[in-house]
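With the hints as your guide, set chain F onto chain C.
Going down the list, the protein sequences come from chains C and F.
According to numbering that gives the first Met the number 0, the stretch in the first sequence is residues 0 to 94, in order.
According to numbering that gives the first Met the number 0, the stretch in the second sequence is residues 0 to 138, in order.
Among the hints, erroneous ones may be present.
To be verified - Which residues of chain F face chain C? A partial, calculated answer using Cβ under 7 Å: (1) S55; (2) P56; (3) M60; (4) I67; (5) T80; (6) K84; (7) E87; (8) V88.
What the hints assert, rightly or not - Covered stretches of chain F (chain C as the covering partner; in silico rule of three or more C-beta atoms under 8 Å from a C-beta of chain C): (9) 69–79; (10) 108–116.
These are computed hints drawn from the structure, not numbers from a lab.
In this text the structure is predicted, and so the values were computed from the model without any measurement.
Don't be surprised by glycine CBs; every beta carbon is placed ideally from N, CA and C.
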Amino acid sequence: MTIFIFDSNGYVGFLSNLGWLNILSDALSPTSKICEHFFADGCTEDLEELKKALDNITSSNQALQELIEDLRMLLDKCEDIAILCDGWVEDTDGE
Amino acid sequence: MLTSEGENFTNRQGLRKVKRIWGSYRPSPMAKRKIIPRNKQNTTDKTGDRKRIPKSPFGVMKGNQGIIVKTISKGDSANITLDSKCLEVIKKFAEENGITPHIIVKDENTGEWFHKEGAKDWSMRTMKKITDEKMRELF
Chain C
0 MTIFIFDSNG YVGFLSNLGW LNILSDALSP TSKICEHFFA DGCTEDLEEL KKALDNITSS
60 NQALQELIED LRMLLDKCED IAILCDGWVE DTDGE
Chain F
0 MLTSEGENFT NRQGLRKVKR IWGSYRPSPM AKRKIIPRNK QNTTDKTGDR KRIPKSPFGV
60 MKGNQGIIVK TISKGDSANI TLDSKCLEVI KKFAEENGIT PHIIVKDENT GEWFHKEGAK
120 DWSMRTMKKI TDEKMRELF
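Extracted from the complex, chain C is given alone in its bound form (with noise of 0.2 Å):
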């Protein structure tokens, strides 16, 4: 499954596939209860306390790194809310 970052206006980018995302929610989970929140609910709404708590996280692995990033820059692009989503939505458009 492919996950991407989606907020009150739609599409805002793409994060990574869903065994990375199980990586980064391992990985940051436990660093804040905000963290935390986000992954195991799949959105949120207080986008300044998740990005105040990235701010000094950083990993040894590369990846990780990128990753986190990637993260930080997405929610920097996020308006109201920030949702994990893979992406899939009503099709409108057969009805």
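Relative to the frame of chain C, chain F by itself:
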């Protein structure tokens, strides 16, 4: 529903709706096991393509076949499509890396599997039913 045109999710009702969408579209581990034998799946999950290309949109790789598996949970509508901007990301990655993209959808309402090759219009109405046997042939 969540569309690229956007419905407003800034209120609490919207947030609940988002959570419901997220909750209802969880992938099924069963879906991956249909394609890759369990003993090999563990290896792929831990050390496979995912590790080499973390920015790959494909959850499963077999040779140059990139596979995305989607499960429609019981009670959820099968009248779905992949957002066009999301599909564009998949298409671009596939083209740049010489990957043939495939989508496999399992509808848990009917137990049927659907398939489409190529990154063009991934809506359920354009996918074809696929048997387990045919799926093993393909992958």
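Here is how each hint holds up against the structure:
1. S55: Since the shortest Cβ distance to chain C is 6 Å, the answer is holds.
2. P56: holds, 4 Å
3. M60: Cβ of M60 of chain F sits 10 Å from chain C, so the hint is violated.
4. I67: Because about 6 Å separates I67 of chain F from the closest Cβ in chain C, which is inside the 7 Å limit, the hint holds.
5. T80: With Cβ-Cβ at 4 Å, under 7 Å, it holds.
6. K84: Nearest chain C Cβ about 4 Å off; hint holds.
7. E87: Not OK, violated: E87 of chain F not within 7 Å of chain C, min 9 Å.
8. V88: holds, 4 Å
9. 69–79: holds (count 4)
10. 108–116: violated (count 0)
The earlier numbered hints that this structure contradicts are 3, 7 and 10.
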